[in-house]
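Colleague: Given chain A, work out where chain B should sit, using these hints.
Okay, here's what each chain looks like letter by letter:
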Amino acid sequence: METSTTNIEELATREYKYGFVTQIESDLAPAGLNEDIVRLISSKKNEPEFMLEWRLKAFRHWLTMEEPKWANIHYPAIDYQAAHYYSAPKSNKGPMSLDEVDPELLKTYEKLGIPLREQAMLAGVAVDAVFDSVSVATTFKEKLGQLGIIFCSFSEAVLNHADLIRKYLGSVVPYTDNFFATLNSAVFSDGSFVYVPKGVRCPMELSTYFRINAEKTGQFERTLIIADEGSYVSYLEGCTAPMRDENQLHAAVVELIAHDNATIKYSTVQNWYPGDKEGKGGIYNFVTKRGKCLGVRSKISWTQVETGSAITWKYPSCILQGDNSVGEFYSVAVTNNYQQADTGTKMIHIGKNTRSTIVSKGISAGHGQNTYRGMVKILKGATGARNYSQCDSLLLGDKCGAHTFPYIEVKNSTARMEHEASISKIGEDQIFYCQQRGISAEAAVSMIVNGFCKEVFRELPMEFAVEAQKLLGVSLEGSVG
Amino acid sequence: MIELKEERNVYLSNFASLEKRLKEKRPAWLRAFCKDAISCFTELGFPTTRDEDWRYTSVAPIARTAFKPAVYQVNGWSPSRLADVTLGEVACTQLVFLNGHFSQELSSPGKLPEGVKAGSLASALDSDGGLLEEHLARYASYRRNAFTALNTAFVEDGAFVYLPKDAVVKEPIHLLFLSTASKDPAVCHPRNLIVAGSSAQATVIESYAGLEGGVYFTNAVTEIVTGEQSRIDHTRLQRESERAFHVATMEVSQHRDSAFASRSISIGGKLVRNDLNVLLNGEGCDCTLDGLYFAGGEQHVDNHTTIDHAKPHCSSRELYKGILDGKSTGVFNGKIIVRKDAQKTDARQTNNNLLLSEESLINTKPQLEILADDVKCTHGATIGQLDEEALFYLRTRGIGDAAARSLLTYAFASEIIGRIRIQPIQCRLDLLLSRSLSKGHETL
Chain A
3 METSTTNIEE LATREYKYGF VTQIESDLAP AGLNEDIVRL ISSKKNEPEF MLEWRLKAFR
63 HWLTMEEPKW ANIHYPAIDY QAAHYYSAPK SNKGPMSLDE VDPELLKTYE KLGIPLREQA
123 MLAGVAVDAV FDSVSVATTF KEKLGQLGII FCSFSEAVLN HADLIRKYLG SVVPYTDNFF
183 ATLNSAVFSD GSFVYVPKGV RCPMELSTYF RINAEKTGQF ERTLIIADEG SYVSYLEGCT
243 APMRDENQLH AAVVELIAHD NATIKYSTVQ NWYPGDKEGK GGIYNFVTKR GKCLGVRSKI
303 SWTQVETGSA ITWKYPSCIL QGDNSVGEFY SVAVTNNYQQ ADTGTKMIHI GKNTRSTIVS
363 KGISAGHGQN TYRGMVKILK GATGARNYSQ CDSLLLGDKC GAHTFPYIEV KNSTARMEHE
423 ASISKIGEDQ IFYCQQRGIS AEAAVSMIVN GFCKEVFREL PMEFAVEAQK LLGVSLEGSV
483 G
Chain B
256 MIELKEERNV YLSNFASLEK RLKEKRPAWL RAFCKDAISC FTELGFPTTR DEDWRYTSVA
316 PIARTAFKPA VYQVNGWSPS RLADVTLGEV ACTQLVFLNG HFSQELSSPG KLPEGVKAGS
376 LASALDSDGG LLEEHLARYA SYRRNAFTAL NTAFVEDGAF VYLPKDAVVK EPIHLLFLST
436 ASKDPAVCHP RNLIVAGSSA QATVIESYAG LEGGVYFTNA VTEIVTGEQS RIDHTRLQRE
496 SERAFHVATM EVSQHRDSAF ASRSISIGGK LVRNDLNVLL NGEGCDCTLD GLYFAGGEQH
556 VDNHTTIDHA KPHCSSRELY KGILDGKSTG VFNGKIIVRK DAQKTDARQT NNNLLLSEES
616 LINTKPQLEI LADDVKCTHG ATIGQLDEEA LFYLRTRGIG DAAARSLLTY AFASEIIGRI
676 RIQPIQCRLD LLLSRSLSKG HETL
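Residue numbers (the working numbering), protein chains in the order written: chain A, 3 to 483; chain B, 256 to 699.
Simulated from the structure, these hints should not be mistaken for lab results.
A few of these clues could be false.
Here are the computed distance ranges between Cβ atoms for each label pair [as the list claims (entries may be wrong)]:
{"#": "1", "chain 1": "A", "residue 1": "69", "chain 2": "B", "residue 2": "438", "range": "46 to 54 angstroms"}
{"#": "2", "chain 1": "A", "residue 1": "69", "chain 2": "B", "residue 2": "298", "range": "22 to 30 angstroms"}
{"#": "3", "chain 1": "A", "residue 1": "81", "chain 2": "B", "residue 2": "313", "range": "35 to 43 angstroms"}
{"#": "4", "chain 1": "B", "residue 1": "300", "chain 2": "A", "residue 2": "81", "range": "30 to 38 angstroms"}
{"#": "5", "chain 1": "A", "residue 1": "62", "chain 2": "B", "residue 2": "298", "range": "34 to 42 angstroms"}
{"#": "6", "chain 1": "A", "residue 1": "429", "chain 2": "B", "residue 2": "670", "range": "23 to 31 angstroms"}
{"#": "7", "chain 1": "A", "residue 1": "392", "chain 2": "B", "residue 2": "300", "range": "34 to 42 angstroms"}
{"#": "8", "chain 1": "A", "residue 1": "392", "chain 2": "B", "residue 2": "335", "range": "54 to 62 angstroms"}
{"#": "9", "chain 1": "A", "residue 1": "429", "chain 2": "B", "residue 2": "552", "range": "46 to 54 angstroms"}
{"#": "10", "chain 1": "A", "residue 1": "437", "chain 2": "B", "residue 2": "670", "range": "36 to 44 angstroms"}
{"#": "11", "chain 1": "A", "residue 1": "434", "chain 2": "B", "residue 2": "552", "range": "54 to 62 angstroms"}
Just so you know, these numbers come straight off a predicted model, no measurement behind them.
In this text, a Cβ means the ideal position worked out from N, Cα and C, and glycines have one as well.
This is chain A alone, in the form it adopts within the complex:
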């Protein structure tokens, strides 16, 4: 189809609209990685002794590890010594209130479409914005404080809530977990920390915005969310980065812990710079995300919309330890130009009557390679476990690829699990049908693609659903066919 080819080209040439650089003086650690850098990061943040020790343990362990090679992605070797492991906006002394934040920074966020103040007032979203490596401002802290909810930057939590950090840090993703998680454990600079006390339902969506600004920096943030008994929290995360020729590494770690009857909903809209048309530059997004349903009837739900990054390599997972706990994973991954994505989830059923749902939608265009890799493991004690997985892929263009690698391991005979996958392109008959009814080919395609992703978008909180649809809009609406 004539229209469809031109539209795909349009899609392939769409521009990255978050590619600006903010001119802010930043406090940059020298390039390279050694124990001194780890010590430097720790001392910059005035961390207590136990944190430094933990970092050093991780760093020493990291030295013994080898970079994993099993994923279905290809990239030149990363020189870990060439990157900067700490970059902070210079004016930062820890924000007291929004008025103290550098106006330049605020402007950046406005360009990103998250005016902190406005959003705070109108949408009622509490935002913790992380710029390069340091948390810039946290809105709505007071209001949350009244309910006993702690929502602050990770460095603040290390200073003010050391007992909680000590108890939970590394309890889901140990520092020995994998190459990138270990690297993160050694050099992580900031991130978000959330604690929701017993029986509290967090009245608003909590949100973090991540941005890589400085050149040649890696971003290593760490998020820790703890939902105590009977509590509920919904957390959103968004990311962008400026356009640069070289690849930048983003290796984050997210840990979620849900106690008895608690629910955590974690949503991501990831739009890191994907590189240019030729696949030059872009972010390597190598992230470890894992949630532990520790208590009975707890629930963790991951929703992700992955449109950015040169390479995405992440598997938000659930350890279903408590009886009757529930894990969910909803994902839309879009790869375009030379983007590569190897993403999926791991559901590990340990407790009785645990249930998990996986819905993954992959869209590949241009030279994009999209891989779903998932594991459902039902252990011996997980009597009555139930899993439903569905992964669908849509191919736009003849140079892209879609792959699925589902691993299913069942060690308990009472388990019931289903896995379904399909790969297809938009049918010419479907478009023809719409055109018959006076809908243009472009509108038809956008309709079909949106319908394809609907199942996942439905899971996103309102604010994000709009953004996600807009994002997909930028890439797809009126441009794909």
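Modeller: Showing chain B alone in chain A's frame:
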């Protein structure tokens, strides 16, 4: 490491003595293959669970056992004693192999159209050297699979079936591989080659059976080439003894507009691994793979299939069903590759598993790798138990719990068994299944 070396040494010394023995019989081109294969094996060694393809299957018991080459001994065997494993009354061409060697006495030639050849590979090396040189070891690559490498290095005998252009063989060709008990654990490496010329048609049955129990290892490789517009219908029946090791690789290369159908039934063996790789190397090919694995006790059954859509306009259908009882483990790995230019591919794959006991275990991995855009590919996998409601329904109608269970399990399996159109095999499988279901699979 030293230990590993020793495991290989047994095969190396066996290879040396085999080479000495067969010096005259093997043509030069084959000798070159064998030499290359054995050096590949030395390099590869036996796979470990660290290899992605062997992640769930440990071949350590095979590697640890010092198997001796199996010897041909026909003493005391007569066609009448084989009634249980042959096709009975059905008119067919039957080639019987005892411990990997062709047995003239036990085989019975059927009616074959002119030009069709069905006989032993060893004798074909003398009579049809040219044909063999063109095809043998050209499809099953030994560079990455240690077991194929071993088989290629030790190639001596097996079945050779050749259908010239337009030949239609109505009667099935039955290749029967029997293993007898021996004092020491023995290994045989049957090597089969089936070549179908353009527009040829045939039905081939490959059976493996253990006659007297005991520990032995069958390492079979079958290569099948289907010429343009040809049709090959292949049934594989594996009923090795309960202590036997069975590793089989089947490599199929399809040419334009050809059709290949395979049914693989796996019942016996302690450790079983089946690799089935199909290359759709021409437009308009059609490929159907059906499989049934039925395991109990401490059996381990691993089925790996790969369907490689290399050319456009091909379709493939795959349905594998597993029933696991006792402490058995099952593995299914189905890979579908659609290459860049293979537009209009239509591929479907399904894997259903039934777990009958508490301690049975299944690992399944349906895998799609798609590099073309105008394709329809789906796969599905399920793992479950017998439907409680269906059981209840039967019981309300006065059928006992055990009978209801075996009835439902039988129904689950019969979808595959029903696709085998050769009456005696179907009946025998029906019987086997219902008998073992009523007794519990352990006593099979």
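Colleague: If a hint holds in the structure, say so; if it doesn't, say that too.
Modeller: Here is how each hint holds up against the structure:
1. Remark: the range hint 46 to 54 angstroms for residue 69(A) to residue 438(B) is upheld by a beta-carbon distance near 51 angstroms.
2. Residue 69(A) and residue 298(B) have their C-beta atoms about 25 angstroms apart, which keeps the hinted 22 to 30 angstroms range intact.
3. For the pair residue 81(A) and residue 313(B), the beta carbons lie near 38 angstroms from each other, so the given range of 35 to 43 angstroms is met.
4. Between residue 300(B) and residue 81(A), the C-beta spacing of about 34 angstroms keeps the proposed range 30 to 38 angstroms intact.
5. The hinted range of 34 to 42 angstroms is satisfied by residue 62(A) and residue 298(B), whose Cβ atoms lie roughly 36 angstroms apart.
6. Between residue 429(A) and residue 670(B) the beta carbon distance is about 30 angstroms. The supplied range of 23 to 31 angstroms therefore holds.
7. Separated by about 40 angstroms at the C-beta atoms, residue 392(A) and residue 300(B) satisfy the suggested range of 34 to 42 angstroms.
8. For residue 392(A) paired with residue 335(B), a C-beta distance near 55 angstroms keeps the hint of 54 to 62 angstroms intact.
9. Between residue 429(A) and residue 552(B) the C-beta distance comes to about 48 angstroms, which sits within the given range of 46 to 54 angstroms.
10. Look at residue 437(A) against residue 670(B): about 41 angstroms separates their beta carbons, and that is inside 36 to 44 angstroms.
11. In this structure the supplied range 54 to 62 angstroms holds for residue 434(A) paired with residue 552(B), their Cβ-Cβ distance being about 56 angstroms.
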